[in-house]
Amino acid sequence: MSAEVKLIPLQQAYDDLANRSLSRISCELGRLIYLASTREYNTGNYYHEGLASRFGPEAAQKALEIAHRQAFYRVSAFSLEELVQELERYLESTKEDPQECLRAWQKLEPYRIAVPTDVNVTVARLFTSNLRLALAVLRFRQEPSRSHP
Amino acid sequence: MIGMTGALLAAAALVLLLVAWARSDKALRDLPSGSLEWLSGPQENADISVCPPEFVSQIFSSDDQAYVLGLNSRNLERQFRHERNGVALLWVQQTSAAAQRIIRRHAEASRRSQDIEVMTETRILLQYAQLRAACALLFVGIGLAGAQEVRSIALYTDGLTQRIGQVLREFDAGLRAREMKGAMQ
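Chains C and D supply the protein sequences, listed in that same order. Everything in the first sequence is counted per numbering that gives the first Met the number 0, starting at 0 for the first residue and increasing by one. Everything in the second sequence is counted per numbering that gives the first Met the number 0, starting at 0 for the first residue and increasing by one.
To be clear, the hints were calculated from the coordinates, so they are not data collected in a lab. Model, not experiment: these values are computed from the prediction. Glycine residues also receive a C-beta, built at the ideal position from the N, C-alpha and C atoms. Be aware that a few hints might be false.
Each computed SDA-like pair below joins lysine to any residue, with the alpha-carbon atoms no more than 25 Å apart [what the hints assert, rightly or not]:
| id | chain 1 | residue 1 | chain 2 | residue 2 |
| --- | --- | --- | --- | --- |
| 1 | C | Lys-106 | D | Leu-75 |
| 2 | C | Lys-106 | D | His-81 |
| 3 | C | Lys-106 | D | Asn-74 |
| 4 | C | Lys-106 | D | Leu-70 |
| 5 | C | Lys-61 | D | Pro-51 |
| 6 | C | Lys-106 | D | Arg-77 |
| 7 | C | Lys-61 | D | Ser-48 |
| 8 | C | Lys-106 | D | Asn-71 |
| 9 | C | Lys-106 | D | Gln-78 |
| 10 | C | Lys-106 | D | Arg-80 |
Rough simulated footprint, nothing fancy, chain D against chain C, three-plus residues with beta-carbon under 8 Å [said to hold, decoys possible]:
| id | region |
| --- | --- |
| 11 | 77 to 88 |
| 12 | 115 to 129 |
Chain C with its partners taken away, still in its complex shape (with noise of 0.2 Å):
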């Protein structure tokens, strides 16, 4: 009983983000990177104003959590070449100066703080390495030389 009462807010809160606010991001990079963005930093928990009001703050702290989840697989499993072509769709779509953007992401590594809790090592590892590889990747594509031969 309790259980069932619990599962359909949680079904529904999902459900409400994957069509309201998850649908309008263009991108599966952009969609684990704003997902990550409702993680508070010091308690690891999630948090979605919105979604709270309607659903319950427990039930949106779970939707948001699975939901992040499921992102975070998704864009971990990209093969090396899908996820360049992702990563330059994430760059267009913010309003920063891509290759600014770029930059600050090679030297930062903001994507670390994108990966969820209680997710396999290896391929939390295999994310972060890849987005690594992908930035490069970029980068090199945008070399003088290779513009300009």
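Dock chain D against chain C, hints included.
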């Protein structure tokens, strides 16, 4: 003469093995440290301690390597080899650690059990020994030839890990059933 040649060959093979081992060990130690360290705790949760098979296939796949080779950059090729071998070695280390954890848990359960099946125990031990040997081979192979060259051994090792897990799950289920039966009598 044959004895001398044999000894020289054996010495060369040993040196090669030591070099490969040292390279793998260095690659593993060189893995970038930082925010992922908190993830590499004991990982007692069985669901996340074993890497999903589709990712094992991806780590050792040559598709990404072909993509990087197509970019014609020595630096990128070097970086790719370094990164991918590091991930592959971490997987070997994790698989080996998971196997040790599983077998330790099994040994504890066996000690509590009163009717041990010799055949099952032998099968588990043989598979475990096979798994540890495969992990050692992978460790050397990755250092020597790179992750993509040992793909088939990695997939075999992954399959073996799952088989051992399956055998032990069956063993645990049987043990629990016998304990329940004993309690009801």
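Do the hints match the structure? See the list:
1. C/Lys-106 - D/Leu-75: holds, 17 Å
2. C/Lys-106 - D/His-81: holds, 18 Å
3. C/Lys-106 - D/Asn-74: Distance ~18 Å between C/Lys-106 and D/Asn-74 Cα, so the pair holds.
4. C/Lys-106 - D/Leu-70: holds, 23 Å
5. C/Lys-61 - D/Pro-51: holds, 22 Å
6. C/Lys-106 - D/Arg-77: holds, 19 Å
7. C/Lys-61 - D/Ser-48: Distance of about 22 Å is within 25 Å: holds.
8. C/Lys-106 - D/Asn-71: This hinted pair holds, its Cα atoms lying about 24 Å apart.
9. C/Lys-106 - D/Gln-78: holds, 16 Å
10. C/Lys-106 - D/Arg-80: Satisfied, since the Cα-Cα distance of roughly 21 Å is no more than 25 Å.
11. 77 to 88: holds (count 3)
12. 115 to 129: holds (count 13)
The structure meets every hint from the earlier list without exception.
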